Amino acid sequence: MTDTTTALEPLVARLAETAPGLRVETGPGPTGLYAYDASNYRVPPRAVVFPRSDDDVVAVLRACRDAGVPVTARGGGTSMAGNAVGPGVVLDFSRYMNRILDIDPVARTARVQAGVVLDALRSATALHGLTFGPDPSSHSRCTLGGMIGNDACGNRSVRYGRTSSHIEALEIVTADGVRAVADRTGLRAADPNDTDAVQRVARVEADVRRLIDANLAPIRTELGRIPRQVSGYQLHHLLPEHGFDMARALVGTEGSCAVVTAATVRLVATAQASTLLTLGYDDVVDAAEDVPEILRWNPTAVEGMDEAIVATMRARRGPDSVTGLPEGRAWLYVELDGDNQAAVDGRAAELLHVLKAQGRMTGGRVVQSPVERRSLWRVREDGAGLAARLVDGGESWPGWEDAAVAPENLAAYLRDFRKLLAAHGLTGVLYGHFGAGCVHVRIDFDLATDTGRAAARRFLGEAATLVVSHGGTLSGEHGDGRARGELLQVMYSHRMIGAFAAFKEIFDPEGLLNPGVIVAPARLDADLALHAPELLPVETLFSFPHDEDGFAGAVRRCVGVGRCRSDTGGVMCPSYRATGEENASTRGRARLLQEMVRGGTVQDGWRSAEVRDALDLCLSCKACSSDCPVGVDMATYKAEFLHQHYKGRIRPRSHYSLGWLPLTSTLAGYAARPVNALLRGPVGKLLARLGGVTTKRRIPAFASRRALRRALRTARTGEPAKALLFVDSFTRAFRPEVAGAASRVLADAGIPCTAEDDLCCGLTWVSTGQLSVARRIMARTVARLDNGDDRPVIVAEPSCAAALKRDVPELLGTPAARRVASRVHTFTGALTDLAAPGWAPRGLPDDVVLQTHCHEYATFKGRHPRDLLSRLGVRKVEEAEGCCGLAGNFGFEAQHYDTSMAVADLALKPRLDGIDQDRRAVVVADGFSCATQIDHLAGDRGIRALHLAELLDPADQPGETS
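According to numbering that gives the first Met the number 0, the sequence shown is numbered sequentially starting from 0.
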């Protein structure tokens, strides 16, 4: 293969000439982002290219061939085997080549570009009662191109099999830049009038036919033995009895033979009725023993997992995040479907009866609630991330995460596999597609030391021998990649390995397509991300108490599963959803921080401009700390980075104008009327520009100190206080009426309060990275609150409650800070946990439009306003499921205004636009920034957001007086 160190300048210049407008990125930022996928590997590319058309791909491949530069095609970057990283040019299809080109509901086919996300295709085909059968757990961000590369399967593979079973045709570009179409009968040039292409493609097909004819016996005996045999190349599809199906043969080649630009896929009808059973067992082996009986009932899914995943989910997202599981230490999900719900339910009950008679189950139930079903499927789908960083802080890694055997051999294989783990002193977290015999396991390898890597290598060799002895395959859907390519010689004969090499050489004679994968594989212990040089010395102000290696361990939480690249579900990541850029995702930022810590592509440490720029669009919403399966907390990492980056330097103007808002708002409160008058005029716009604040928003009016005293005075009840009402800076400065309403509601709920109205949580200094100041503010607050008083501390502003709950103990790191944090409740949480039994406010509306603050969503698990409103009798709660976009200081900063509004367009604005103008809209938003954004979006239509306390205020109820 040609030396990959060839200079890139001529290549970039040629692309500028042959593909005008093609986006080509080099430098430490892009190469650091794309050095990783979801595997154990780190291979920095030389450049990242974002094609918009097949012609762009042709131009790239021709230029790279002439320059001797390797090419790796990439979709969502969620590969666990190292299939989506490479040393030359990475082609990211997900950014622009993501269109659904055609859906034919009669023929039940769709034509899609390689970068189409699976969920986007499923949403579009659902309108016709159709779907794409394979459904990997990464369905919200994996692309069709990636699924084709790996021959992905998914949770319902017992019904729908592998991606290859659903491919009609592939549109490809060969290594030398020729466009072709691979279909069920062979290979043809995309343009029949291109004589050179026709001749080139004809030679390829003829050479492949000769290769198959020369290897009929090993292909027939070694390939296609079990349903999940993905390892190697699927040459059996080219046998005469299979019609020389070139499309299916190229599925699973991991971009090592050709680059797929589009595909025609087959669709299946969606089920009219379905139900889910959850079955409990003492261990996964017992669960596997029941799989053959379950398969007799023609299920759509049989999924398994062990207790470690469930425990981690509950610890990260609250005990109510997993409901509906029977007693046990391992579980199976069994889904049945049909045309009639009653019939499906009857089959489910009968199957449950049969399995009880088998005697292995510890319990089982039919899950009727759609909410419980969604919750349970999310646990399974987040398995890879949840298993990566467990509740006890332990880390586990892929590498042997995809082996498969015939389902009837699964129990025996698992029994022997657990013995192998024990013999090597390793622990594995097990989950996977038990109905298809495919086991995903993350193992606590030590990949950071020479001794640990050598031990992992020995284990993987023995594991390969073990699975082959059970008639199995190294890979069941993730592909071989860098993790298992070297082990193919354990599974296949020398003749078959030679046939694989010959097949690749026919398509890619110079070996430039995804080198190091499957053919001439890299060593499985080469290019490991944890094989790091001397790490950047990291002394931080945040303590990162849940990460053994502090900041370095915290940013290492990201293992690349990419849930932050989802467009729907949860709140993470608003900046990615608004921009579609990898460097605006939680994963992208975490990967650059990892590069910074290791001194890799990013070599400027805390002064790095690339890291600063990637963090710039982070809204500090904290949603990732809850939605990310491994608990990445980018808001905290950003605060620490900004503190270190600007230490001893001049900061952005908004850090002073907005970061010091608690102080300036206090001063403004002494002269609120003249200050507000001044800010409404030209001087206000001038001050905004000087302070780095956008002039496209109205500056909220400051409240006077007298207004706060009046609000609290009218709320006094004379009852002994059972709690402290922490009147935060935002409530104090801009909406003191909320403090009064909160005090009255809490008293009405049996929680009379006394107010603390001169303390601050330090949030604005945290979000702008002024951590030294934040610590001083927090220390003063903790000293006042930790005075022997153990009464609950109730905070009306969710972001301030989150700061007291999480930032204060992690920044101060003292027992006093932890004691105070343990007492903190949001307003919703206080009414949920502390209200008198039977408390029921009167006069509530039937319908509410709700915007939950991201910090409340992320930090106070299981204590959400939606649930409280429903319990109190509001019949319909329409929630804008996502970030409002203002996010504290973010949306007020001039350079972030457009992104702020783009985020609002994702969820909040459509909810507000959908409010019927003929009825009085009741909009609830406890966060000051959320309410401010709502006023900006819809205030001119008379829509104003109420704090929950204002909605429930007894002073505003019929028959009450204030």
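Please keep in mind that the hints were generated in silico from the structure rather than gathered at the bench.
Nothing here was measured: the structure is a model prediction, and the numbers come from that model.
Heads up, some of the hints might be wrong.
Stated by the list, open to error - The calculated lysine to aspartate or glutamate pairs, modelled on EDC-like cross-linking and capped at a C-alpha distance of 20 Å, are: (1) Lys695 <-> Glu878; (2) Lys908 <-> Asp955; (3) Lys355 <-> Glu326; (4) Lys646 <-> Asp615.
Now the hints, each set against the structure:
Between Lys695 and Glu878 the CA atoms are separated by roughly 26 Å; this puts the pair beyond 20 Å, and the hint is violated. Straight-line distance between C-alpha atoms of Lys908 and Asp955 comes to about 28 Å, which puts the hinted pair past the 20 Å bound. In summary, the hint linking Lys355 to Glu326 is supported, as the alpha carbons are separated by about 14 Å, within the 20 Å threshold. Note on Lys646 and Asp615: the hinted pairing holds, with a Cα-Cα distance of about 17 Å set against a maximum of 20 Å.
Comparing the model with each numbered hint stated earlier shows that hints 1, 2 do not hold.
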